Amino acid sequence: MTKVWLIARRLLWQNRWLFLMLMFWPYVMALILTVGGKPDPDDVTWMLHQECFAGLALVAVTGSTLLGNEQRSRRIIMVLSRAVSRPQYLLSLLATAWLPLVLYVSGFIVSGIMLAAMIRQPNRGIFVMALAQLVLGVWAGSVSIFWSVLLPQILASLVSVACVGLAVFVGGLGMIGPGRLLLALFEIAISGHNTPATIGIDALLTLVGGGVWFAAAAWIFGRRDLNLTAD
Amino acid sequence: MAAPLAFQGTSKHFGAKVALDQLSLTVERGEILGFLGPNGAGKTTAIYLALGFLRPTTGGGTILGKQFGDTASRAGVGFLPDAPTSFAATAPGTVELAGRLNNMRNPRLRDRANALLARLNLSSAGKDARRFSRGMQQRLGLAQALVNDPELLILDEPTSALDPPGVLEVRELLRATRDEGKSIFFSSHQLSEVEHICDRIAFLDRGRMLRHGPLASFLEDSGQSEIAIRGLSASAEVVQRYQPYLRPSTDGALHFVLPLKLQRELIERTWAAGGELVSVSPLRRTLEDLFVAWSEEGRA
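Residue numbers (the numbering used here), protein chains in the order written: chain W, 1 to 231; chain C, 1 to 300.
FYI, nobody ran anything at the bench for these hints, they're computed from the structure. Among the hints, erroneous ones may be present.
[Said to hold, decoys possible] Which bits of chain W does chain C cover? Going by a derived footprint, with three or more residues having C-beta under 8 Å, they are:
| id | region |
| --- | --- |
| 1 | 7 to 21 |
| 2 | 71 to 84 |
| 3 | 217 to 228 |
Every value quoted in this text rests on a predicted model; they were computed, and no experiment measured them. Where a beta carbon is used, it is the ideal one built from N, C-alpha and C, also for glycine.
Can you make the complete structure from the sequences, with help from the hints?
Written as structure tokens, this is what we have:
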């Protein structure tokens, strides 16, 4: 794990300005909503749900582009010529894609609590949404890294975001796991009303699903040539 | 004890293109092996296969006794790519990262990193290694490659961006590393550098190894000698007879470069004609001559 963190720390530092800007995104949205006075509760709920999707899209896009960037810049050679295995390397990419979500979610929680206070509503739903986002972030990151192993960057980003959308669709059909958790994420109210009783099992299944996608990505990546020429 | 690096009938195909064809080669302990060949010969492909970046199409090989691609064995390997890259970090931070990824810990790591940076004149280098000149990045890459005190060094064009003092420094560093019993696999286009430090060479062209062996054996005997004579006019019979071997000169003597089997005959005829023998020098081949000859042979 130390090596994973050593690599992820460098990758995060490379993109620090982008990630810091994203951290402030929930505050900017909250400011826009409150600039005209007390916001409408429906608008606040809608905005928080949009932020949830944006957070997951952030992980999906970051996860799907990291491998291509590192191969194109050939920094991957610097890392994989040392005693670092390919699964360790992919795990560092997953950490790099997921950790900014923690920053983003911290902004989501603080701005959400402020908005809930303004509209005089309980804020339990903010925490449920935040936790669901973090769990789904692991899954979305794994999915995007899987596609980044197989596809060029732009295609991998599109397919990864499409996978998140597809999961919402299959969640609507009643499929347990990430699909149903995503659907729940977009239906939970600020007060925590509408939180499904199955959210715990869906969160667990989402983590397992993320693990399966990641294991598949690591298995394929370990059997492929590095792409050191293009993308 | 197994050779530090061994290619065992290793081939790599990219679609229909054969980048490496049945390469069998070993790097022995305590030697510097120069890996030569024109652009596109397959040198970098071979290096990437050894380090596990690419997977062989057929065959395989071992690195420090383990199959190519083995993660743990890379802790004993130092690698310098042809164009080193780094994360946003200082020179000490960059070298320490390489060491930590190879399982090193402080304080040994910090001491060794600082010593290497001092030796390679990078102690006072600026903050962000990404903004270093190409020569500085190459020296930093070498420090990264050496930080874990590797058993095997794999260097891809290690001196291509260095100024003459830098080349000398690196040459001494590599010799010292070899003298400590470490093995060095050295790919380069800088033939004078190869001549200076390599014990053996392997020449690759279009993925096939055309020659390999001790460097001295290739260089010592060209099969020709240069003979300088005086006291004969250009129209003398003996000069006319050996006209194809006459080389231009400015010292007033006639210089002939000819096969060894004709040496005695020319000398005797020169004496018989009243000429004076100035010098007889066996010609040593240069690696450049060999490179050109082998490349032409490969194309043929």
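Okay, the hints, checked on the actual structure:
With a threshold of 8 Å between beta carbons, the proposed coverage of the region 7 to 21 of chain W by chain C holds, since 5 of its residues qualify and at least three are required. For a cut-off of 8 Å, the count of residues in the region 71 to 84 of chain W with a CB near a CB of chain C stands at 11, and the three-residue condition holds. Three residues within the 8 Å Cβ limit are the bar, and the region 217 to 228 of chain W against chain C gives 5, so the coverage statement holds.
Checked against the numbered hints given earlier, the structure satisfies every one of them.
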